[in-house]
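Turn these sequences into a full structure, and let the hints steer you where they fit.
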Amino acid sequence: MRIFDPHIHMSSRTTDDYEAMYAAGVRAVVEPAFWQGQPRTSPESFYDYFDALLGWEPYRAAQFGIQHFCTIALNPKEANDPRCTPVLDELDRYLAKDRVVAVGEIGYDSMTPEEDEALARQLQLALEHGLPALVHTPHRDKAAGTGRTLDVVRESGIDPALVVLDHLNELTVGMVLDSGCWAGFSIYPRTKMSEDRMVTILQDVGTERVLVNSAADWGRSDPLKTRRTADAMAAAGFGEDAVDQVMWRNPVAFYGQSGRLDLDEPKPDDESSFQGNSIRRGGA
1 MRIFDPHIHM SSRTTDDYEA MYAAGVRAVV EPAFWQGQPR TSPESFYDYF
51 DALLGWEPYR AAQFGIQHFC TIALNPKEAN DPRCTPVLDE LDRYLAKDRV
101 VAVGEIGYDS MTPEEDEALA RQLQLALEHG LPALVHTPHR DKAAGTGRTL
151 DVVRESGIDP ALVVLDHLNE LTVGMVLDSG CWAGFSIYPR TKMSEDRMVT
201 ILQDVGTERV LVNSAADWGR SDPLKTRRTA DAMAAAGFGE DAVDQVMWRN
251 PVAFYGQSGR LDLDEPKPDD ESSFQGNSIR RGGA
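Our numbering puts the sequence shown at residues 1 to 284.
Quick caveat, the hints were computed from the structure, so don't treat them as lab data.
Keep in mind the model is a prediction, meaning the values are calculated, not measured.
Among the clues, some could well be false.
[Unchecked claim] So the derived label-pair ranges between C-beta atoms look like this:
#1 16 <-> 80: 33 to 41 Å
#2 235 <-> 139: 27 to 35 Å
#3 240 <-> 48: 38 to 46 Å
#4 120 <-> 15: 32 to 40 Å
Positions of the beta carbon are idealized from the N, C-alpha and C atoms, including for glycine.
Structure, rendered in structure tokens:
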């Protein structure tokens with residue numbers, strides 16, 4: 001079984017997790033830029049973080065046979081902090097890098113005017129760079145937040161086929177698929193979505209334009225939830241082709257729209273894979 005986790009925060013995980021993921025069939029991941037738990041106090045801390053996503057983390061993943069890609073953005077939670085918003089002026093240089101396969105995570109946390117502005121601006125950056133967009137739907141008032149997100153996506157003019165709305169549930173999946181966007185689901189131990197609920201949704205809506213991820217981070221989460229969902233699909237009667245579509249071909253199809261998804265086998269011994277990838281302000 002081959003698995004592509006389209007949303008996982010490996011900077012928060014250990015090398016033991018990489019080893020276990022490989023054993024479970026994971027061969028590629030996308031790591032979205034996100035809030036790391038501790039509020040950032042200057043834009044410079046973002047740049048160090050982005051450099052790690054582009055350089056160190058792909059090298060670390062390669063040691064365990066896993067291809068690592070990332071998405072870059074100012075996340076919605078920090079869009080409300082004026083100490084962080086200057087990052088928006090620096091995103092162009094990062095979005096031009098080869099291993100960046102989307103703009104993200106963008107979207108809503110508390111649905112503030114500041115988040116409105118950051119979302120619209122970063123959707124425009126996705127258009128300018130010809131990249132997909134990974135959009136975070138709010139944890140609170142999810143149905144209203146998802147509807148508002150879809151309005152902004154329509155207003156932006158971006159092709160909905162280039163947009164995935166993540167952290168969806170039974171109440172929001174229909175409106176997202178009807179819009180032409182992709183539907184993303186985060187499988188968690190206690191919150192968001194369980195494997196069994198995910199299987200029921202797949203039985204209802206089918207396997208087209210659906211991404212299933214672990215979204216594993218520094219909180220209570222499980223980097224093997226993609227494999228656990230694949231096993232639950234098989235136990236529920238889904239065939240190998242359907243499982244492969246959800247767990248591999250769909251992420252490849254979505255992020256492949258970036259033109260940057262090189263899934264050749266990683267080269268663990270090539271240290272240049274991370275040494276040459278950092279970006280400093282004012283650099284190329």
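Going through the hints against the structure:
1. 16 <-> 80: 33 to 41 Å: holds, 35 Å
2. 235 <-> 139: 27 to 35 Å: This hint holds: roughly 29 Å between Cβ atoms.
3. 240 <-> 48: 38 to 46 Å: holds, 42 Å
4. 120 <-> 15: 32 to 40 Å: The hint (32 to 40 Å, Cβ to Cβ) holds, given that residue 120 and residue 15 are roughly 39 Å apart.
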